[in-house]
Amino acid sequence: MKITISSGEPGDPRTVLVEDEGMEAVSFTADNLADAQAKAMQGLNEGWDSVADKPDEPDKPTKASKK
Amino acid sequence: MSVTRLPAGLATRKPTHPFGQYFHPDETDQHAYLNDFNTYTAGDWTITVVGSSTPALVAGDGGLLGITTSASSADSAFLQKTIASFLMETGKPTWFGCRFKVSTLATTVVFGLQVIDTTPLDVTDGIYFLSTTATGAITGICRKNASTGSTSAAVGTLVADTYTDLAWYWDGKDTVTFYQDGVAKSSVTGVAASYLPDTTITVSFGIQTDSANARTMTVDSFFVAKSRRS
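For the record, the sequence lines run as chains A and B.
If you count the first sequence from 1, position 17 lands on 17 in this note's numbering, and the numbers rise without skipping.
Just so we're on the same page, this note's numbering is the position in the second sequence counted from 1, plus 1000.
Everything labelled a hint here was simulated from the structure, so no lab data went into it.
Check each hint, because a few of them may be wrong.
[Stated by the list, open to error] Here chain A is said to cover these stretches of chain B; the calculated rule only asks that three of the stretch's residues, wherever they fall, bring their Cβ under 8 Å from a Cβ of chain A: (1) 1045-1059; (2) 1116-1128.
[What the hints assert, rightly or not] What follows is a set of in silico ranges between Cβ atoms, one per label pair, in the way DEER data are often shown: (3) B:Ala1193 <-> A:Ala38: 28 to 34 Å; (4) B:Pro1007 <-> A:Asn45: 49 to 55 Å; (5) A:Ala34 <-> B:Ala1106: 19 to 25 Å; (6) B:Leu1006 <-> A:Ser27: 25 to 31 Å; (7) A:Ala38 <-> B:Ser1230: 35 to 41 Å.
[As the list claims (entries may be wrong)] Among the chain A residues that face chain B by a calculated CB cut under 10 Å, a handful are: (8) Lys2; (9) Ile3; (10) Ile5; (11) Gly8; (12) Pro13; (13) Arg14; (14) Ala25; (15) Thr29; (16) Leu33; (17) Ala38; (18) Ala52.
Here the structure is a predicted model, which is why all the values come from computation and not from measurement.
We put the CB at the ideal spot given by N, CA and C, even for glycine.
Excised from the complex, chain A in its bound form (with noise of 0.2 Å):
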């Protein structure tokens, strides 16, 4: 397994990508170094779906566009 953090100033915020035979490449930002290797490690304990990037949700439909 590889875990990839962006280079950076220790507050600049960086993204995260791990990659490993049998699973599709997760990646995931974080606001520092800190934050992303505690998020690293969180998806090394819990599994990377807690800590993945989630693609946006579109629009909730509003009451006029559903008229």
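Keeping the supplied structure of chain A fixed, place chain B upon it in accordance with the hints.
Relative to chain A, chain B alone:
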């Protein structure tokens, strides 16, 4: 120098043991892992990289794994053998040794047994070596649960682009002794009560840049053995 020959064999078990008449030392009374890097399979490792790095075998005598970081400050690459499979216990002596070099000092280096963690420079559990200064000073660390359960001792120094052998020995009683190049440098005591890692740990090593320059670690080998004798 003459060679001692034992043509009848060498047994390490009592005659009543199933392997009592086995003519070779019983390999099953230890849990051992030797890697001389004649081969390397990335999937055997949890690799945590900041920036970019692809550890790979490099040409040279002895079987060598090369790790080169990218060139931003605090970029890093750490490898941890998956899955963690060594649990430190009282009554079960354990030996660890490694041989490696780093291209330049002013590089943070870690090597030893640690819990799998995305921050190998500050793990919760492990018995390992850490060098964080431009002097190359090496510290031996024995840690349980967190820094509050941590003890350490000065071990020696790294020299840039020069192989060194680091080793430690947990005596199974109360002491971890740290060695460099075959010489005992220091030891820590009170381990059984306060510092012995209480979760499974694994071979772990890597480097972090201390400036915006790429750094290289070349790993020749490592060996771990834990006694299964009671």
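Could you check the structure against the hints above and give me the numbers of any it violates, in ascending order?
6, 12, 14, 15, 18
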